[in-house]
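Protein chains in written order, with our numbering: chain A, 1 to 231; chain B, 232 to 524; chain C, 525 to 867.
Just so you know, the hints here were simulated from the structure itself, not pulled from any lab data.
Cβ coordinates follow ideal geometry from the N, Cα and C atoms, glycine included.
Take these hints with a grain of salt, some might be off.
[What the hints assert, rightly or not] Derived DSS-like pairs (lysine-lysine); straight-line CA-CA distance at most 27 Å:
#1 69/A <-> 245/B
#2 664/C <-> 246/B
#3 246/B <-> 768/C
[To be verified] Some residues of chain A that are not near chain B, with every Cβ distance over 12 Å (derived):
#4 31
#5 33
#6 55
#7 69
#8 82
#9 107
#10 127
#11 179
#12 193
[To be verified] Now the stretches of chain C that chain B is said to cover, found in silico as 3 or more residues with beta-carbon under 8 Å:
#13 605-617
#14 628-635
#15 638-649
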Amino acid sequence: MKKYCCLSILLCSLLGHCAAQEGNALLQKVRDKLNLVDNYTATGVMKTNISFLRVPQAEVTVYFRKPDKMKIRNDKGISFVPKGAVTISLNSIITGNNFTVVDGGTESLDNKQVRVLKLLPADENSNVILSTVYINEKAAVIVKAKTTTRDNGTYELHMQYGRFISYGLPDRVVFIFNTRDYKMPKGVTFDYGDARVQTPGADGNKDQRGQVEITYSSYLVNKGVSDDVFK
Amino acid sequence: MWNLLQFELYKTFKKPRTYISFGAIAAIVFLIQIALLINGKEYVQFILSSVDETLLIPYAKVTNGYWICFVILNLLLIHVPILVALVAGDIVAGEASAGTLRLLLTKPVSRTSIMVAKFLTCVIYTLALLIWMAFLALVVSVLLFGRNDLVVAKQFELLQIQQSDVLWRYFAAFGFAAVALIVVAALSFLLSTISSNSIGPIVATVSIIIVLTILSEMHIPLYDNTVRPYIFTTHMLGWKGFFYINSSADGQTIPGSVSDGASIVRSFFILLAYIVVFAGSAIFIFQRKDILT
Amino acid sequence: MILVNQSIIAKTLKYKELNTSSFVVPNIFVTVMAAIIEVNQLTKRFNEITAVDDLSFTVQQGDVYGFLGQNGAGKSTTIRMLLGLIRPTSGSISIFNKDLASFRESILRQTGAIIEKPDLYNYLSAYDNVLFLAKISAKKVSRIQVMHFLEMVGLAQRSASKVHTFSQGMKQRLGIAVALVHDPSLIILDEPTNGLDPQGIADTRELIRNLSYQHGKTVLICSHLLAEVELMANRILIIHQGKKIVEGAADELLDPSKTIVEIHTTDNGAAAALLQSTQWAPYLRNPKQGHVVVQTDRSQIPALIKQLVENNIGIVSAQPRNSLEDYFLSVINPDTHVEPAAI
Chain A
1 MKKYCCLSIL LCSLLGHCAA QEGNALLQKV RDKLNLVDNY TATGVMKTNI SFLRVPQAEV
61 TVYFRKPDKM KIRNDKGISF VPKGAVTISL NSIITGNNFT VVDGGTESLD NKQVRVLKLL
121 PADENSNVIL STVYINEKAA VIVKAKTTTR DNGTYELHMQ YGRFISYGLP DRVVFIFNTR
181 DYKMPKGVTF DYGDARVQTP GADGNKDQRG QVEITYSSYL VNKGVSDDVF K
Chain B
232 MWNLLQFELY KTFKKPRTYI SFGAIAAIVF LIQIALLING KEYVQFILSS VDETLLIPYA
292 KVTNGYWICF VILNLLLIHV PILVALVAGD IVAGEASAGT LRLLLTKPVS RTSIMVAKFL
352 TCVIYTLALL IWMAFLALVV SVLLFGRNDL VVAKQFELLQ IQQSDVLWRY FAAFGFAAVA
412 LIVVAALSFL LSTISSNSIG PIVATVSIII VLTILSEMHI PLYDNTVRPY IFTTHMLGWK
472 GFFYINSSAD GQTIPGSVSD GASIVRSFFI LLAYIVVFAG SAIFIFQRKD ILT
Chain C
525 MILVNQSIIA KTLKYKELNT SSFVVPNIFV TVMAAIIEVN QLTKRFNEIT AVDDLSFTVQ
585 QGDVYGFLGQ NGAGKSTTIR MLLGLIRPTS GSISIFNKDL ASFRESILRQ TGAIIEKPDL
645 YNYLSAYDNV LFLAKISAKK VSRIQVMHFL EMVGLAQRSA SKVHTFSQGM KQRLGIAVAL
705 VHDPSLIILD EPTNGLDPQG IADTRELIRN LSYQHGKTVL ICSHLLAEVE LMANRILIIH
765 QGKKIVEGAA DELLDPSKTI VEIHTTDNGA AAALLQSTQW APYLRNPKQG HVVVQTDRSQ
825 IPALIKQLVE NNIGIVSAQP RNSLEDYFLS VINPDTHVEP AAI
């Protein structure tokens, strides 16, 4: 009996180790694909959907340079970009080896099978507590990433791929994040009409969920991006 | 009638005190522009303090000429009624105390035409003041600070209007503000008719506006459902309605839209009604008044 | 010192020539109508105070009509009602045979007025005041015409000055120019000589006389200066506490046969004793200190003086007392006014 137990434990840990090895290998495949891109300049349309914010669609330019420099710029007008979105990219989630990969099995996402990997940072003081990535194994691209942080709560990245899948660059990214509700300091100005009707339930102290969606129309890959852009 | 109007305009614009208003507006606008030039970022930070941690705010772009103009209008349109009352409150009472009213009334002109000429003078003065303010607040701000999208901060919402969609809103807002200020002029004109010195109407106009503005903005249920919908100060802020852009279900603004056009129209007609009542009452009272000064 | 050195007559004649050739409104009513102003049972109450009480009077064409009364008698209230500044409580006013309430504008087109001190637009120039007030009287006036009116009242050189720099007398003169600029047929003056120096008063008196006698204007003048009214008015109305006391021709009311003469002599006692012993005895009145007082016909004054001189009584001065003043006081205070008794 004891023998069988020991054998089972050995088998499980072996299997687990194998699974982890598989997870690491898959992650490396994704990394390798992403590493094909040193920098890019992309154009697209950004839609912002935050409860207290009413903004027009904006034509934006997104600049990226390895490993984690990212800038979203609207040259024709104003865009309110969530602070986290600037630094968060897929690269920043999976760069380095300072985390433990745990295989989360498979799931169905948008009628497609994806591999779930949980990334646990080794550094206990890291802002990131847990990252969960959902990978299309065949294409070696991340279709969804969910990250829980100490400071900024949980945010999600949803990616849709098309023309640029060979570089691991999405056609469409949806970034879902936490935000506080907006409330103007009292007495600054008076609104016309009844302000409360417009945003029922608005409360400056409550947390809300916001969403930013960028639909990319073009990428200029590895053509160089100046340092000035990120200042 | 034309001779009377010409005379009234000549008298009004010959008085040095008329130009105090124009000077005051210029001084206030320039002070605000200088202050925002230096501390615009801090001011935006203050207003958006609740979301400053969450969103990256492009301060330099937000504090553009269109935004500066909006801030100026918010501040000035509370104070401009005093400047309007300065002339409208004096236009009848000032002549009564100076004794020139009886001089005017011994001329072969009807009391109605005198009052119409005086009221039109108040209207023209108010419009001149507004055009001056529009020029300084909008044109000069755009020249100094450039143009970009306009971010409108409401109490619980932030609205962003694309720059190509802003200018017509300012024209509409100034038009509405003109009507709102003419209500103040008409009130002051009415008080001027029943007083024999000009200080009384000016102070009374300002006091009435302060009290009614408090009633409009305090949102006390007792007044909200009874008095507030009908007092003119509630509707004077209607110019802001042109900047409350409508949005789709997913939060995207719809260019060229206004979220509650019906309210603006309703406010406009209520203000028009006040003008008719105040000015009409003034003319009615004056026709029957004994001139004892 | 006012600047009117030329004859007022010459100036007003020139004013007439200028006006008849240039002004638009025909003065068709002057020769047709006998009664210019007809006031019937006019009453004005301010709450519980009756300022004017059942007042009726008539001003004929060409009259210089003196309107007299104490302070608070109701003169200004009546004048203001005549000009449509105050609404009567009851009664009617007809001017140029038209009801004032219905035809106010057309009446005022032919009426010029100065009420109390003429308050003008202090922050405008004299020129602007005359120009604009003429324009709203529906008179097209050229610069030359405006300057001529200003010259008429001696203000041509100050035409560009703001009125607030003017003295009271200059303002009064400007007020006269403003009242006359549209060539009215009826002129209503309430205390027109207020603030004027003696020369100004004399010039105003001459102007009023000539407007009436030479140009057929009808003038209604309200004044405290009874001596001035006596020199100008041919008809008089006296009111007291809002009521009419007397109205009539001046020469009928002011009976020259009852002139009071005050004679200051070198020996009043001797003079009084002398007169007491002569035919003048019944006409001696209560003496004032330093005077002998006799009431007699004006034409007898030389004979009276001759009597005293022939009896070696030195005459220092002989002053016929202001008959209108005396008359006025007698009608205003009939109970307290004591008819001077014989010595």
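Query raised in the report: Is it the case that residue 55/A keeps its Cβ farther than 12 Å from each residue Cβ in chain B?
Result: violated, 4 Å
Report task. State whether the coverage of the region 638-649 of chain C by chain B holds or is violated, taking the criterion as 3 or more residues with Cβ-Cβ distances under 8 Å. Result -> The restraint on the region 638-649 of chain C holds, since 10 of its residues have a Cβ under 8 Å from chain B and three suffice.
Query raised in the report: Is the hinted pair residue 246/B and residue 768/C satisfied, with a Cα-Cα distance of at most 27 Å?
Result: Status violated; Cα separation ~45 Å.
Requested in this report: Below or equal to 27 Å on CA atoms is what counts here, so check residue 69/A against residue 245/B.
Outcome: violated, 65 Å
Report task. Measuring Cβ to Cβ, find out whether residue 69/A lies farther than 12 Å from everything in chain B. Result -> Non-interface label on residue 69/A holds, nearest chain B Cβ at 15 Å vs cutoff 12 Å.
Query raised in the report: Would the least Cβ to Cβ distance between residue 31/A and chain B come out above 12 Å?
Result: holds, 28 Å
Query raised in the report: Minimum Cβ separation between residue 193/A and chain B greater than 12 Å?
Result: violated, 6 Å
Query - Separation of residue 33/A from chain B, once the least beta-carbon distance is taken, above 12 Å - result: Per Cβ check, residue 33/A is outside 12 Å of chain B; nearest 29 Å; holds.
Requested in this report: Quick one: work out the minimum CB distance from residue 107/A to chain B and report holds if it exceeds 12 Å, violated otherwise.
Outcome: Holds, since 27 Å exceeds 12 Å.
Query - Outside-interface status for residue 127/A - nearest CB in chain B farther than 12 Å - result: holds, 14 Å
Requested in this report: Would you check chain B against the region 628-635 of chain C, counting CB to CB pairs closer than 8 Å, and say if three or more residues qualify?
Outcome: Contact hint for the region 628-635 of chain C vs chain B: holds, 7 residues under 8 Å.
Query raised in the report: Taking the closest pair, is the beta carbon of residue 82/A still more than 12 Å from chain B?
Result: violated, 6 Å
Figure legend: structure checked against the earlier numbered hints; hints not met, in rising order: 1, 3, 6, 8, 11 and 12.
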